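*Asks:* Heads up: the sequence lines are chains A and B, in that order. Reminder that position 83 of the first sequence reads as 180 in the working numbering, one-by-one numbering, no gaps. Reminder that position 8 of the second sequence reads as 105 in the working numbering, one-by-one numbering, no gaps.
Hints should not be assumed to be uniformly reliable.
Since the list can't tell identical chains apart, any single copy or any two copies may satisfy a pair.
Here are the simulated DMTMM-like pairs of lysine to aspartate or glutamate, each with C-alpha atoms no more than 20 Å apart in a straight line [as the list claims (entries may be wrong)]: (1) K124 with D245; (2) K267 with D179; (3) K124 with D191; (4) K106 with D167; (5) K267 with E251; (6) K124 with E109; (7) K106 with D166; (8) K124 with E187; (9) K143 with E187; (10) K106 with D175; (11) K106 with E196; (12) K124 with D110; (13) K291 with E136; (14) K106 with D179; (15) K291 with E251; (16) K124 with E136; (17) K267 with E142; (18) K106 with D191; (19) K124 with E196.
These aren't lab readings, by the way, just hints derived from the structure by calculation. Because the structure is a prediction, the values reported are computed rather than measured.
Protein chains: 2
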Amino acid sequence: MYKQNYRSKLLEDAVEQIASLPGVGRKSALRYALHLLHEPAANVEKFTSAISQMRSGVRYCPDCNMISDDGVCPICGDHSRDRSLVCVVESLRDVLSIENTGQYHGLYHVLGGVISPMDGVGPDDLPIKALVERVQRDGIQEVIMALDTNMEGETTALYIYRQLAASGVKISAIARGVAFGDDLEYTDEFTLGKAIVNRQLFSI
Amino acid sequence: MYKQNYRSKLLEDAVEQIASLPGVGRKSALRYALHLLHEPAANVEKFTSAISQMRSGVRYCPDCNMISDDGVCPICGDHSRDRSLVCVVESLRDVLSIENTGQYHGLYHVLGGVISPMDGVGPDDLPIKALVERVQRDGIQEVIMALDTNMEGETTALYIYRQLAASGVKISAIARGVAFGDDLEYTDEFTLGKAIVNRQLFSI
Chain A
98 MYKQNYRSKL LEDAVEQIAS LPGVGRKSAL RYALHLLHEP AANVEKFTSA
148 ISQMRSGVRY CPDCNMISDD GVCPICGDHS RDRSLVCVVE SLRDVLSIEN
198 TGQYHGLYHV LGGVISPMDG VGPDDLPIKA LVERVQRDGI QEVIMALDTN
248 MEGETTALYI YRQLAASGVK ISAIARGVAF GDDLEYTDEF TLGKAIVNRQ
298 LFSI
Chain B
98 MYKQNYRSKL LEDAVEQIAS LPGVGRKSAL RYALHLLHEP AANVEKFTSA
148 ISQMRSGVRY CPDCNMISDD GVCPICGDHS RDRSLVCVVE SLRDVLSIEN
198 TGQYHGLYHV LGGVISPMDG VGPDDLPIKA LVERVQRDGI QEVIMALDTN
248 MEGETTALYI YRQLAASGVK ISAIARGVAF GDDLEYTDEF TLGKAIVNRQ
298 LFSI
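Please take these sequences and the hints and turn them into a complete structure.
*Replies:* Pasting the structure below:
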């Protein structure tokens, strides 16, 4: 959508800021801005201060780098979990998705990003060194890679793999294949090809 | 989506506030919150202050009630427009949509809402009295209703119609019918029925 004249610099600035959120276009941003404009001033104050306070106040777990308001996060602090397993993910959203499955009972390591030279993110900007130290210090038996299968995710996984290789820890990756319920016909060729090559013994 | 434990009260509060935007669910709100969390603090400050300043600083055109940073808005101030025509719309978004067509050269009257007892919005909360005065004062010839065809929009249009009836001004409404390019087959019965009843002379 081309840049429209909103007849107000203040509205224009607010729309521009809101449109900087991922996946939010100027049309949605205008809708959100007009909504806020018609809200009572106290509500708008609550809106902006919740965001400011989050940005300035959030702390991270010293072990896994997950968001945690104070000290060690509830997952790292839960001694009923399997402390020999660490799953490497990009963000808290991935932790929530995996926790929702109820199938994983180990710990996590949240990178908070992936290696992306285009965005100026190098290996030293991510807590990878901390992961290597953690594996050695805490006697981790297996590190599970659960990063996205795009250029940045694969680059990051490969880099971590190389950093950990010397430690002798077992390194695995989550299974990729045709999703349950998906038609083969509509599965992309790459996934289907990998699924055939990486076929597993039939089990019921 | 059920309420998830984000392991952080600060994140939780920010997600809740962002999810109060129209059409934004908790999943998108979490995505936006994590985006803001990973932005430099200065950018987040720009984001929140643009919204605060918009809310506290925006002014409205004394004639048409459209957003205008100072005084009479550019449309009301444009003396090349047809000043005998006023189109009544709910919001600035509707003004922008109609302006985009390039087919209308009159003025607007922006209600900033519609009558909605459920939301506590009565006729006196909208600049309807100002519209009646404006019609009489400025010698308006025709008022065009361009409100949504839902319960609130129709109620508001009817109320305005009654308020204006005594003034003798011509009152019209934008044409409703089957959209250009739409298949009759997929048009809802109500629209199609109205389109047949309100048929117009064939013209090429």
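*Asks:* Taking the numbered hints from earlier one at a time, note which ones the structure violates and give those numbers from smallest to largest.
*Replies:* 9, 13, 14, 17
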